[in-house]
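Sequence lines, in order, name chains A and B. Counting in our numbering, the first sequence runs from 1 upward without gaps. Counting in our numbering, the second sequence runs from 1 upward without gaps.
Everything labelled a hint here was simulated from the structure, so no lab data went into it. Among the hints, a few may not be true.
To be verified - Examples of chain B residues toward chain A, derived with CB under 7 angstroms:
(1) Gln-45
(2) Leu-50
(3) Tyr-112
(4) Pro-116
(5) Ile-117
(6) Asn-147
Said to hold, decoys possible - Cross-link-like lysine-lysine pairs, in silico, DSSO-like; alpha carbons within 30 angstroms at most:
(7) B:Lys-148 to A:Lys-677
(8) A:Lys-169 to A:Lys-29
(9) B:Lys-148 to A:Lys-744
(10) B:Lys-148 to B:Lys-127
(11) A:Lys-29 to B:Lys-148
What the hints assert, rightly or not - Some chain B residues judged to face chain A by a derived CB distance under 10 angstroms, without partners named:
(12) Gln-91
(13) Pro-94
(14) Gly-123
Note that this is a predicted model, so its numbers are computed, not measured. Positions of the beta carbon are idealized from the N, C-alpha and C atoms, including for glycine.
So the chains spell out like this:
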Amino acid sequence: MRVYLYLLILALSSSAIFTSSASEIVQSKGRFDDKFRQLEESLPTPNDYRNAAGEPGKEYWQQQVDYKINVTLDEQKRAIQGEQVITYHNNSPYTLKYLWFQLEQNRFKPDSIAERSSAFYGVDGSVRAENTYGDSAFAKISLQDLRRQQFLADNNLGYQIAAVTGANKKPLKYTIVGAQMRVDLPTPLNSKQSTQLRINYGYNILEEDAVGARSGYEHFPDDNREGGNDIFLLAQWFPRVASYSDYEAWHNKEFLGSGEFTLEFGNYDVSMTVPSDHIVAATGVLQNSKSVLSSEQLKRLDSAKKADKPVFIVSKDEALANESSTAKGTKTWHFKAENVRDFAWASSRKFIWDAQGYQQKNSQNPHVMAMSFYPKEGGELWQQYSTAAVIHTLEVYSRFTFDYPYPAAISVNGPVGGMEYPMISFNGPRTIWHEDGSRTYTLAEKQFLIGVVIHEVGHNYFPMIVNSDERQWTWMDEGINSFLDGIATREWDPNLSWGREPTDVIEYMKSNVQVPIMTQSDSVLQLGPNAYIKPAVALNILREVILGRELFDFAFQEYSRRWMNKRPTPSDFFRTMEEASGVDLDWFFRGWFYTTDHVDISLDRIYKLRLDSNNPDIDFDRRRQDYNDKPMPYSVERNQQSGQKTWVELNPGNTDYHDQHDQFSVTNKDRNKYNKKHAELDPWEQQVLARALKEDKNYYVFNFSNLGGLVMPILLELTFENGDTESLVLPAEIWRRSPFEVSKLIVTDKDNVLVSAVVDRRGETADVDIENNYYPRQIIPSRIEAFKEEERKGNKYRDIMHDNKEALKDPEIKVKKK
Amino acid sequence: MRQLVLILLSVIGLSLLAGQAHGHQQKEAYTSIVFNQRSGMLEIQHRFYLHDAEHAAQQVIDSNADLISDPVSREAFAYYAISTFSMQDQQQHPLTLTYVGTELQGKYLWVYQETPITTNMEGFYLKMTTLQELWSEQTNHINVERNKHVTSARLHIADSWHYIEVAKASE
């Protein structure tokens, strides 16, 4: 089955060489790897902006950028025209001669770095130069890629900057550098001063389905309206001032598509002029509701504030009627948002709109409006779960961090699978249309909607409020947010298949194609496992295994609150988690975030020691016992079984001293020797020995090896002869001086005779090989062997949705005759 | 072929597929090819995100495909998956893989295949286009594991037969 178009492309080979930055400190002799080397060596030096505790320093500063934007959405041309007035507050101690802007729309120009540098082959250069035979000489391109190429070729994309002027409307010199722009200020902007400038701009909106841009329009040709309808999702829709920070100065890392955004906080005043029959959802609070909403809608909105379930502001039927609207003219929707790092919005006449107030008890922000906007294609799935999931997210995340500080939290359905902005998120899951006009959704889609809404709304906390640098450190928002969405989905329903569990990363972590978490976003090979799942699992392990919930939750909340509405870096996270938990976690962050090691701890051997008392009356008896316990050789046993008598048995009268006293008999010479030695012991030595002999404990030596490289605590479970079990955690520090093999003496009471032991029985540490965790070894069936053994049956596997479609029938009764 | 092209056109017409990595369609599958010396079998375990698999099934099999509720849809997806995965030996002779079954586990759909271990399995040619014909960002990650040594490949849409060396049996 071949469903590609084949294009003849020259196959190039490429290879990736992974190097890590060389350390100043080198182990130049012997095989030793210091897994516990101070993390401070790798972190930036603390200073007055960010201190050694990981909190904002005494001179911490950040810039503020306020925007007043008037923008018009031209539905016909699918274009944006905007005028913005930017007020830039220079809170830094430095003087700025120019401002840099991010022009993300330029990333879609054919000559952008992103387009020109997008490689055709993956990083491991799968098509090799020697593969020139058969169809190997051909490479493939998908229709979807062709669609993208065609859209980019057919449309004039990127910003058209019409004018950049100062407050006095005099033109300013500006220089566009790819997806960035430098605007030279007429006079240098001193510390603690502000300046204003204006930009008039426009751009053609991308078709999200064709290009994939985290925003854009989606066309619905089948709607009952000439020309159909569109949903517009607008993000990265205005030239934004680049970040200027204490650790990077201007953040001149151009948008390449993967690394998301690094932004400043500010206040927004935005007026959007859209077709008069559109409904607009946006970051912030609607300022002119009386002029854009009907009195009925206003009434419903008011009743939604205290409702205990979502209230329709625009119902399904009303939205359906709007779909065929031919209304002319425009309306201007006016929104304001305070102290946000970005602004996004959505506009369509297709939107159903529901809302429900979320009351934050004992909070400075007691009331939040949770809302969802979705077309009929989202349907009942959205009606049931979107706004409910928004509220659940706020409840759970606020408990771990801080009260949600914004007036609104919105989930919008459109062409974007999932993307986050302050107060507003775009989420993709939808229903399935059937020929009879009905719509249904599968359990998988339901789970996905709940999961994705929680994830995207959760991003309000990370990175919208805890404003990390997404462009460089994706894990700081995606990883931390995935960790929390795992908690929130488990609290929704533990059967919701979303939570981030250690088993999720095993295949990834044991693979030899990966990069450390601490890798810049645009260089990461696999963003999903690298920036979402691995850090989320690492934090889960830190919480459940290493620190425990109390210490972790305290430290994590401390991090969130320290950096609320501020800009943390990785070092601030690492330092805060250590400083607030009081636990040295250098080894943990180094192993999980700075290396590509995996966890594979093997319990190689256990052997038992017995205390030698040196007392011949004790030891000789024990040795006799050991001797007698040895199995009898077959040659002797079978002689006995055949009834054969030995010479000794046949000659009972012929005995001597040695027949009365075996080789383990104690002599007075032995006793005298022991008594002399014992008498020479110090009194404390005699006491210790006496007690040890009395207690007669079991001494076991456990040999472990660290095959994966990543040091972790050893979670031991011991099982004793009497059926008791005991759990024992050996802290990761056991590997400190011996990172590859280590032994541990474990002493148990006389009655606790060990029969077996297992490391990490519950699979909490992402250990990639379970078989070597058991001593004695157990046969662990492979996945396929287990599958073959166990018929997957039971209620869970019944096809209830399908089977229930069958109509009830009267049983056919065969006529029975004799 | 005409039929297939039509399927593909309808596929790209659907809106949900164009999200990016952040869009939470994971667009990544993991396949483990493991030498099970105990059973003498080479075990092939494909792990797909259920949600990705269901979207795929709704396009290549039936728009109503429901992988949690309907075992028939699951089997159909499994057959689609194994039809888009192939292995050759070092001489580029195809290896016959036996379909073992499919099962759901949490957020994953697993598809199993196997073939007896033979001598000279020191390397394989692999090809896996599963889901790539639906969304071009799909990456199929393959781990080949013998005696705990793992060699990996990440197959992208542009890739054809990929040769992967197997860790030495004696290691």
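Hint check results:
no. : hint                   : verdict
1   : Gln-45                 : holds (5 angstroms)
2   : Leu-50                 : holds (5 angstroms)
3   : Tyr-112                : holds (5 angstroms)
4   : Pro-116                : violated (13 angstroms)
5   : Ile-117                : violated (13 angstroms)
6   : Asn-147                : violated (11 angstroms)
7   : B:Lys-148 to A:Lys-677 : violated (52 angstroms)
8   : A:Lys-169 to A:Lys-29  : violated (68 angstroms)
9   : B:Lys-148 to A:Lys-744 : holds (25 angstroms)
10  : B:Lys-148 to B:Lys-127 : holds (23 angstroms)
11  : A:Lys-29 to B:Lys-148  : holds (28 angstroms)
12  : Gln-91                 : violated (12 angstroms)
13  : Pro-94                 : violated (12 angstroms)
14  : Gly-123                : violated (13 angstroms)
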